[in-house]
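Number of protein chains: 4
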Amino acid sequence: MTLSDLKQQVCDANRALPASGLVRLTWGNVSGIDRVSGLWAIKPSGVDYDALTPDDIVILDLEGHVVEGKLRPSSDTKTHLHLYREFPEIGGVTHTHSLHATAFSQAGSELPCYGTTHADHFYGTVPVVRALTPEEVAADYEHYTGVAIVERLRELKLSPLEMPAVLQLHHAPFTFGKNAQDSLNNSIALEMCAQMALATFALNPSVTPIPSHILDKHHLRKHGPGAYYGQK
Amino acid sequence: MTLSDLKQQVCDANRALPASGLVRLTWGNVSGIDRVSGLWAIKPSGVDYDALTPDDIVILDLEGHVVEGKLRPSSDTKTHLHLYREFPEIGGVTHTHSLHATAFSQAGSELPCYGTTHADHFYGTVPVVRALTPEEVAADYEHYTGVAIVERLRELKLSPLEMPAVLQLHHAPFTFGKNAQDSLNNSIALEMCAQMALATFALNPSVTPIPSHILDKHHLRKHGPGAYYGQK
Amino acid sequence: MTLSDLKQQVCDANRALPASGLVRLTWGNVSGIDRVSGLWAIKPSGVDYDALTPDDIVILDLEGHVVEGKLRPSSDTKTHLHLYREFPEIGGVTHTHSLHATAFSQAGSELPCYGTTHADHFYGTVPVVRALTPEEVAADYEHYTGVAIVERLRELKLSPLEMPAVLQLHHAPFTFGKNAQDSLNNSIALEMCAQMALATFALNPSVTPIPSHILDKHHLRKHGPGAYYGQK
Amino acid sequence: MTLSDLKQQVCDANRALPASGLVRLTWGNVSGIDRVSGLWAIKPSGVDYDALTPDDIVILDLEGHVVEGKLRPSSDTKTHLHLYREFPEIGGVTHTHSLHATAFSQAGSELPCYGTTHADHFYGTVPVVRALTPEEVAADYEHYTGVAIVERLRELKLSPLEMPAVLQLHHAPFTFGKNAQDSLNNSIALEMCAQMALATFALNPSVTPIPSHILDKHHLRKHGPGAYYGQK
Chain A
1 MTLSDLKQQV
11 CDANRALPAS
21 GLVRLTWGNV
31 SGIDRVSGLW
41 AIKPSGVDYD
51 ALTPDDIVIL
61 DLEGHVVEGK
71 LRPSSDTKTH
81 LHLYREFPEI
91 GGVTHTHSLH
101 ATAFSQAGSE
111 LPCYGTTHAD
121 HFYGTVPVVR
131 ALTPEEVAAD
141 YEHYTGVAIV
151 ERLRELKLSP
161 LEMPAVLQLH
171 HAPFTFGKNA
181 QDSLNNSIAL
191 EMCAQMALAT
201 FALNPSVTPI
211 PSHILDKHHL
221 RKHGPGAYYG
231 QK
Chain B
1 MTLSDLKQQV
11 CDANRALPAS
21 GLVRLTWGNV
31 SGIDRVSGLW
41 AIKPSGVDYD
51 ALTPDDIVIL
61 DLEGHVVEGK
71 LRPSSDTKTH
81 LHLYREFPEI
91 GGVTHTHSLH
101 ATAFSQAGSE
111 LPCYGTTHAD
121 HFYGTVPVVR
131 ALTPEEVAAD
141 YEHYTGVAIV
151 ERLRELKLSP
161 LEMPAVLQLH
171 HAPFTFGKNA
181 QDSLNNSIAL
191 EMCAQMALAT
201 FALNPSVTPI
211 PSHILDKHHL
221 RKHGPGAYYG
231 QK
Chain C
1 MTLSDLKQQV
11 CDANRALPAS
21 GLVRLTWGNV
31 SGIDRVSGLW
41 AIKPSGVDYD
51 ALTPDDIVIL
61 DLEGHVVEGK
71 LRPSSDTKTH
81 LHLYREFPEI
91 GGVTHTHSLH
101 ATAFSQAGSE
111 LPCYGTTHAD
121 HFYGTVPVVR
131 ALTPEEVAAD
141 YEHYTGVAIV
151 ERLRELKLSP
161 LEMPAVLQLH
171 HAPFTFGKNA
181 QDSLNNSIAL
191 EMCAQMALAT
201 FALNPSVTPI
211 PSHILDKHHL
221 RKHGPGAYYG
231 QK
Chain D
1 MTLSDLKQQV
11 CDANRALPAS
21 GLVRLTWGNV
31 SGIDRVSGLW
41 AIKPSGVDYD
51 ALTPDDIVIL
61 DLEGHVVEGK
71 LRPSSDTKTH
81 LHLYREFPEI
91 GGVTHTHSLH
101 ATAFSQAGSE
111 LPCYGTTHAD
121 HFYGTVPVVR
131 ALTPEEVAAD
141 YEHYTGVAIV
151 ERLRELKLSP
161 LEMPAVLQLH
171 HAPFTFGKNA
181 QDSLNNSIAL
191 EMCAQMALAT
201 FALNPSVTPI
211 PSHILDKHHL
221 RKHGPGAYYG
231 QK
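Protein chains in written order, with UniProt numbering: chain A, 1 to 232; chain B, 1 to 232; chain C, 1 to 232; chain D, 1 to 232.
No wet-lab data here; the hints were simulated from the structure.
It is possible that some hints are incorrect.
For identical chains, the list gives no copy identity; a pair is met inside one copy or between any two copies.
[Unchecked claim] Listed next, the in silico DSS-like pairs over lysine-lysine satisfying Cα-Cα at most 25 Å (straight line):
(1) K78 with K222
(2) K222 with K157
(3) K70 with K157
(4) K157 with K178
(5) K222 with K178
(6) K157 with K217
(7) K178 with K217
(8) K70 with K222
Using the sequences and the hints, build the whole thing.
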């Protein structure tokens with residue numbers, strides 16, 4: 001992948017945020033990485049999506065140094081950086097404050113898998129990530145946000161492509177993917193599943209998660225060696 | 001109907017899914033059948049709606065063999081096939097994961113007829129279809145999804161044009177119609193009725209279904225021999 | 001007003017229904033009347049809004065005879081007719097199945113005035129109209145719908161411009177106005193107030209209606225002899 | 001700032017109201033002030049947003065006299081005037097009846113800070129402003145609306161840029177900002193936070209506000225001397 005392609009992909013995914021309905025004002029950012037060169041690309045901070053061009057996208061290395069770009073990168077850059085360093089299987093990260101996923105984050109409610117819509121994207125319950133301590137906030141807020149996310153998936157023994165979403169307590173969701181667009185698709189799926197779960201719970205407060213044989217079937221027909229969804 | 005017309009109708013109905021608000025990402029598909037030739041048409045799997053052309057539509061026969069088309073048909077093809085084989089009166093099938101109808105499916109809540117909006121499309125309570133067993137999932141998931149739907153409507157002695165919608169437990173709705181567009185209209189009506197029912201129940205938890213004389217009046221002024229809705 | 005102007009106004013108001021978010025499929029209609037000639041205009045039955053032209057609009061007299069137009073008028077025509085005959089002060093009628101107003105209708109819940117948004121349009125609680133009896137449904141469903149609406153406002157001693165909205169039990173809302181567009185604006189206001197009331201009640205189940213001095217102030221600054229809202 | 005620039009800014013912000021999703025019909029207005037000249041600009045009353053041009057914007061001085069403009073200013077003009085007189089640090093005011101913020105106003109429920117989306121804009125709980133008395137309504141409704149808002153923020157010892165939003169009981173929200181566009185952004189943020197809070201509370205009725213160390217971090221990384229969000 002050329003650097004030009006990477007900037008275009010990351011620009012496109014960021015520009016898709018307002019139309020996706022996930023983002024108001026400037027509340028969201030998408031990044032993507034080229035694992036061959038180890039260079040990655042992220043939205044500049046506080047810039048309107050509609051005005052964004054590939055030249056505005058900021059390029060960094062895996063030490064966090066800006067390699068190319070005149071604008072200041074997203075204020076969440078250190079969170080993305082830590083995720084790319086610790087999760088070598090991911091190629092994209094999306095952060096939004098989408099309405100229902102953020103409500104789950106604020107409520108400290110993990111998101112159980114109530115149906116196949118969820119199973120198609122997330123292999124089980126989407127976990128809540130703990131709040132940072134005052135010491136972590138004071139030392140390096142955005143870095144420790146990444147640390148807490150990685151810590152939580154490892155505790156649960158979940159890989160970030162099996163469980164490409166987390167809900168940070170008092171804050172909002174982060175999603176991952178094979179590339180920038182795929183991480184954005186997981187944010188779209190997460191928001192939809194969160195809204196569906198809230199309505200499901202309103203209809204039936206004693207609803208139980210999907211049986212494991214249906215979870216497995218739906219997740220594995222889209223992902224893994226025997227997948228048969230989509231074109232070859 | 002020519003094969004070309006059928007492909008155009010099925011393409012149009014699939015392309016209408018995102019604008020209908022029923023579908024995010026690639027979560028939905030519409031099919032239609034020409035009963036004279038016994039050939040039917042369905043969306044290819046995992047293709048974006050905006051990019052879809054009539055040439056992408058896959059044509060199959062009632063044995064499930066692909067007769068025309070270069071792309072792999074929808075992963076839900078065997079469900080549609082079984083419905084066309086068992087319900088000779090239907091001409092179209094739509095499957096979506098629309099938000100509120102899917103919440104009813106996930107909650108295992110049947111959808112009572114609370115008003116005339118519902119009565120205009122569905123002649124009584126929209127039923128829940130049971131989950132598949134581990135054996136059925138392992139043997140042929142999509143085929144047995146169709147089997148369970150047919151079984152449920154027969155148990156209830158309902159014809160698929162009187163009750164052109166079902167809610168599959170842990171999964172999502174399927175709707176039927178006289179043709180592809182009509183099945184899509186029933187998906188739109190089902191989503192609206194599900195959202196209305198949730199709000200109705202929030203306002204009045206002891207709400208009762210519509211009286212039968214009003215159900216009959218509204219259903220029959222649109223459907224059946226004495227219908228007087230629309231143009232002649 | 002010329003007949004041509006009336007047809008244009010009624011066509012415009014009907015075409016505005018889908019964009020208003022109040023109507024899916026063909027679930028809504030607007031009519032308007034010229035009180036000088038006693039002729040009135042309504043949407044034809046079951047025609048798509050986007051395809052509607054002024055020439056499609058059906059013209060009737062106050063006896064209910066079609067005076068002009070090749071298409072069959074809305075199936076709700078006799079309801080509109082009765083309202084124009086009994087309420088000489090109204091110039092337009094809108095009927096929709098908008099989501100939240102219909103939920104109130106289905107729940108049999110009248111809509112109290114919880115704030116100034118409501119007070120600006122509706123002078124107090126929006127009433128529920130009773131369901132029709134089996135005899136009324138069998139004899140002339142749409143006519144008796146109008147009869148029940150008129151009966152309810154008279155019981156409550158409310159004029160249809162002070163209270164330009166009703167919620168018919170098991171069915172949906174009807175709104176009135178000075179002309180076609182004004183009746184549509186009242187449908188938009190009613191849907192918004194119904195959705196707000198549902199959220200208000202979720203936040204505070206013991207919420208009380210707006211005090212009468214604020215209701216009077218807001219209603220009368222927009223309506224009546226001392227109104228000072230808008231341009232002269 | 002020239003008067004022409006001020007009119008353009010206020011026109012743009014008002015025209016952005018319908019697309020923002022905050023406003024139906026003509027239920028909202030934005031104003032902005034040039035502190036050097038002491039002149040301020042507001043939407044004319046009851047004019048459609050789409051039809052608005054900079055020449056329609058009404059210019060007033062801080063005594064409330066119309067200095068330029070042929071149209072009658074917004075019926076809420078005296079509220080805006082009082083806010084500009086008493087809060088010299090603000091440069092813009094937005095008033096809407098946005099759905100969820102209005103529901104909080106109607107319910108008399110203050111809006112706690114449940115997460116960082118809220119903390120980025122509002123430094124703590126958004127307060128409810130009391131209803132006006134019958135005497136205040138009779139004497140000068142719109143003026144006393146401003147008086148009650150100022151009184152409430154002073155009671156709470158909050159500056160209007162730290163807490164650029166209030167919820168008036170039985171009525172709707174008002175927001176402030178550095179200029180017209182910034183006050184509109186705060187209305188967008190308020191509506192989103194209100195909707196999120198309602199969903200958060202539905203998920204977890206015993207949810208607690210965000211810890212103060214995270215509130216401080218998020219508010220201060222966007223506002224104040226050490227802010228590092230956005231471009232320099």
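Against the structure shown, which of the earlier numbered hints fail to hold, in ascending order? The structure breaks only hint 3.
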